[in-house]
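Enquirer: Next come the chains, spelled out residue by residue.
There are 4 protein chains.
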Amino acid sequence: MTQSFKKRLYIIIFEADTFLGKLFDVILLIAILLSVLAVMLESVNHIKDDYGYELYLIEWIFTVLFTLEYLARIYVSAKPKKYIFSFFGVIDLLSILPTFIGLFAAGAHSLLIIRSIRLLRVFRVLKMVRYLGEASSLMKALNASRAKIIVFIGAVFSLTVILGTIMYLIEGGENGFTSIPRSIYWAVVTLTTVGYGDIAPGTTLGQIVATAIMILGYGIIAVPTGIVSAEISSQSKKIRDSTTPYCDECGTKQKRPEAKFCFNCGNQL
Amino acid sequence: MTQSFKKRLYIIIFEADTFLGKLFDVILLIAILLSVLAVMLESVNHIKDDYGYELYLIEWIFTVLFTLEYLARIYVSAKPKKYIFSFFGVIDLLSILPTFIGLFAAGAHSLLIIRSIRLLRVFRVLKMVRYLGEASSLMKALNASRAKIIVFIGAVFSLTVILGTIMYLIEGGENGFTSIPRSIYWAVVTLTTVGYGDIAPGTTLGQIVATAIMILGYGIIAVPTGIVSAEISSQSKKIRDSTTPYCDECGTKQKRPEAKFCFNCGNQL
Amino acid sequence: MTQSFKKRLYIIIFEADTFLGKLFDVILLIAILLSVLAVMLESVNHIKDDYGYELYLIEWIFTVLFTLEYLARIYVSAKPKKYIFSFFGVIDLLSILPTFIGLFAAGAHSLLIIRSIRLLRVFRVLKMVRYLGEASSLMKALNASRAKIIVFIGAVFSLTVILGTIMYLIEGGENGFTSIPRSIYWAVVTLTTVGYGDIAPGTTLGQIVATAIMILGYGIIAVPTGIVSAEISSQSKKIRDSTTPYCDECGTKQKRPEAKFCFNCGNQL
Amino acid sequence: MTQSFKKRLYIIIFEADTFLGKLFDVILLIAILLSVLAVMLESVNHIKDDYGYELYLIEWIFTVLFTLEYLARIYVSAKPKKYIFSFFGVIDLLSILPTFIGLFAAGAHSLLIIRSIRLLRVFRVLKMVRYLGEASSLMKALNASRAKIIVFIGAVFSLTVILGTIMYLIEGGENGFTSIPRSIYWAVVTLTTVGYGDIAPGTTLGQIVATAIMILGYGIIAVPTGIVSAEISSQSKKIRDSTTPYCDECGTKQKRPEAKFCFNCGNQL
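Protein chains in written order, with the UniProt record's numbering: chain A, 1 to 269; chain B, 1 to 269; chain C, 1 to 269; chain D, 1 to 269.
Note: identical chains are not told apart, hence a pair may lie in one copy or across any two.
Below 30 Å or equal to it, Euclidean Cα-Cα: the simulated DSBU-like pairs (lysine-lysine) are:
no.	residue 1	residue 2
1	K238	K140
2	K79	K22
3	K6	K22
Treat the hints as calculated values from the structure; they're not laboratory data.
The task is simple: from the sequences and hints, build the whole structure.
Expert: Laid out in structure tokens, this is it:
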């Protein structure tokens with residue numbers, strides 16, 4: 001009977017086909033979002049001053065909830081160790097640990113470290129990754145174009161190092177270009193079309209070079225888009241291809257996944 | 001005869017194939033744009049001071065015009081209730097209601113609420129949606145890729161929460177990173193390459209992380225573009241496919257929509 | 001003999017296949033760029049003060065040159081009227097007229113108008129359009145997706161009107177959102193990811209809405225890219241298709257434009 | 001035996017298939033990154049003040065290392081001259097030359113020139129190009145769409161000249177639009193959606209025109225993306241095509257590169 005209870009719990013927690021399974025997922029999703037919201041609000045000074053105690057209470061409610069969820073997941077897993085050391089096992093642990101550490105370490109240690117650890121709770125948002133459908137064609141497309149994207153980022157990095165150095169030489173320490181790293185920071189800001197404006201070229205030559213960099217950036221932005229776009233296109237084509245039926249009669253592959261009659265011999269599929 | 005008048009009016013108002021039907025559409029389009037312009041100008045202080053009365057008059061002319069249009073649409077509809085509760089029925093009502101409410105509520109109530117209601121008139125611009133050709137392949141493409149775009153926005157949201165928290169820890173309340181929500185706001189501003197510059201990292205470590213975020217944003221922007229681009233591509237292929245004729249003689253599907261002779265047997269299509 | 005000279009001149013001026021024809025094109029291109037550069041430099045105060053006379057001289061040299069070119073074009077055209085009223089005829093006239101008007105009008109009239117007319121000379125840059133290869137597949141792709149792009153711009157316009165009004169209500173005249181037109185200006189700046197930062201939301205609610213707008217803009221930017229990208233893709237496919245040869249022997253269309261032997265019967269193409 | 005040593009060295013330095021060859025590549029890559037980092041840090045004033053001597057030492061270690069690498073490459077090359085005058089030969093020389101020049105020229109010459117030459121060492125980052133896989137389909141796609149991108153940049157340049165002049169006329173020297181070149185700089189900043197905000201339109205008419213420019217820029221950014229995206233798509237199709245096998249039995253080209261049996265006659269490939 002325990003076995004049966006364990007199995008039913010497994011279906012509720014790890015699957016989403018039954019009503020209870022869906023309900024569990026929805027409640028968990030809401031709990032994640034609310035707990036992240038609470039962490040965020042706690043960082044706003046005037047909210048913490050006014051509602052500090054309420055936020056503290058809410059924090060513990062969510063921690064208890066997620067602890068129960070974590071223990072339940074370990075309990076129902078066929079191989080608990082495998083779950084504990086999986087990506088989601090670590091994330092689930094990380095989302096409850098900081099609150100407990102904050103409890104024990106409240107006394108002596110550096111406040112900054114505790115604060116940092118407490119803020120780790122925001123990583124609870126990663127628990128949502130479970131619902132992003134990681135097997136989707138989107139992830140596949142990104143994965144397939146990973147090599148090209150790394151090459152691209154390497155090239156952009158090299159480019160910004162060179163452009164940053166050139167601008168450092170041209171602007172000569174003025175207008176915020178005080179060192180090569182800062183100039184590189186500016187080059188990235190410009191090339192990616194972010195353009196904060198905290199550093200901007202002041203000399204005429206600097207502005208001419210900046211103009212050239214911007215138009216360059218305009219062209220470069222096309223590259224990752226082109227890569228991903230071509231990949232998604234080919235992914236969705238593969239999916240369409242693999243769902244397109246063959247004719248039982250003459251063996252011809254149909255042209256459309258929704259085909260109902262063979263376009264070659266008219267046989268019903 | 002009334003029936004015939006009702007039908008003729010229906011054709012003028014709801015269809016665009018006759019001369020009067022087109023004229024009605026063009027006049028309505030211009031009226032929408034002018035009335036929205038009037039609402040916009042009314043919000044500019046020095047224009048309201050100088051031309052307040054003229055704007056008030058114009059407002060009432062357009063309101064009467066749109067009211068007549070609304071009543072006419074109800075009158076000619078075969079099922080008036082269906083029209084009234086349709087998307088466009090609600091929009092048409094919303095575009096006249098605020099002016100009337102402003103009339104009755106002018107006395108006692110809070111000025112801010114009236115002002116807000118009056119500004120609702122700007123939603124008249126939605127009346128234009130009728131002319132955007134909602135059945136177009138563009139909407140279909142966007143609709144088909146909706147699921148992927150939601151996953152994408154969810155992922156971007158999670159990412160900005162984490163990046164915002166990291167930057168809040170690094171910059172430590174200085175340079176505008178005063179709370180996690182503000183840091184998230186900054187992360188979105190940076191990741192989407194908007195880059196206002198009202199908040200910008202000041203510490204060296206902050207600038208290094210910001211640089212990484214920007215290059216990341218550069219890669220991420222490729223994803224929605226890739227999705228939509230692949231979808232539009234496949235949509236326009238479907239349209240081309242469905243307009244490509246079959247040969248009457250040998251039954252072969254042609255390769256081009258503009259084909260005039262069968263590429264297989266030479267039979268004129 | 002005059003006829004022959006006229007024809008030779010025609011080939012030099014209007015065509016680019018002979019050596020002299022190419023030389024003419026290159027010289028003209030350089031002259032256009034230099035004359036535009038001169039107009040640009042004239043607008044820089046300290047350059048005008050120091051080199052005003054030299055720039056005046058250069059201006060007249062280019063004007064005489066372009067006048068000769070204009071007269072030559074009229075002279076060699078078979079139908080001079082057709083050239084004069086063509087796009088390039090008007091551009092060629094507009095690129096010399098301002099200098100002459102500046103000469104006659106130097107005395108009495110408003111300085112601003114003369115200055116504006118003189119600056120029209122910058123439109124000489126349009127003379128370069130001749131060399132952009134307007135028949136290219138790029139223009140065709142843009143042309144083919146014109147309808148979709150207009151729908152898209154209409155939708156973006158409607159969206160910014162609504163978003164601008166909402167932000168005007170939220171921010172309430174502070175932080176630069178002093179009127180609806182200014183708020184719309186801000187909405188466009190944000191939605192297009194330009195992000196000057198001259199106007200930026202200050203209230204918490206305003207920043208939340210701004211965040212939503214930015215992520216929206218991130219998704220919207222995908223649409224025109226998708227349209228153009230799908231169109232260019234289909235254009236270049238058409239070109240490849242139309243340059244792919246048919247087999248003389250068995251009539252099969254080849255799969256690749258560079259095919260040298262029929263993939264079906266092996267016949268040399 | 002020397003011959004054999006030379007050959008083994010050649011395999012280590014120029015190839016990456018053996019363990020030592022890979023080790024050499026990894027060490028070289030790390031050395032490049034560290035040496036570039038050192039140059040960058042040297043430009044930060046307070047780091048140079050504190051660690052000047054250490055950086056000087058590190059600089060010489062890397063210079064000796066790269067000199068040895070350069071000499072080794074010349075030694076093992078079958079045609080040393082070809083290597084020396086190749087792209088990578090010049091880059092390899094340029095990455096060691098500045099340090100030696102700095103040594104000899106330390107006495108009398110202008111400090112700025114020496115500083116500029118020393119900063120040339122940052123070009124060492126180009127040594128990494130070797131690892132970017134220049135024969136990849138990415139480079140091919142960029143190369144194939146070069147003509148279209150040049151046309152596009154030419155068109156963008158012409159557009160910004162005209163838009164910059166118009167804004168100069170509208171804003172009339174105020175709000176930073178002090179000359180046509182500066183206005184063009186602003187037009188590029190806006191059109192590419194960088195948006196520093198160092199120059200921003202102040203007049204109402206200026207803001208309306210700016211709004212139009214931004215929406216235009218939104219549409220224009222689609223063009224290079226579309227070009228590259230279509231090109232990459234067609235490149236990866238070509239690669240897939242060229243790896244798709246033919247059937248030995250019936251000669252039919254298979255539809256998929258991973259096909260194991262002929263889809264036409266069932267023959268094992």
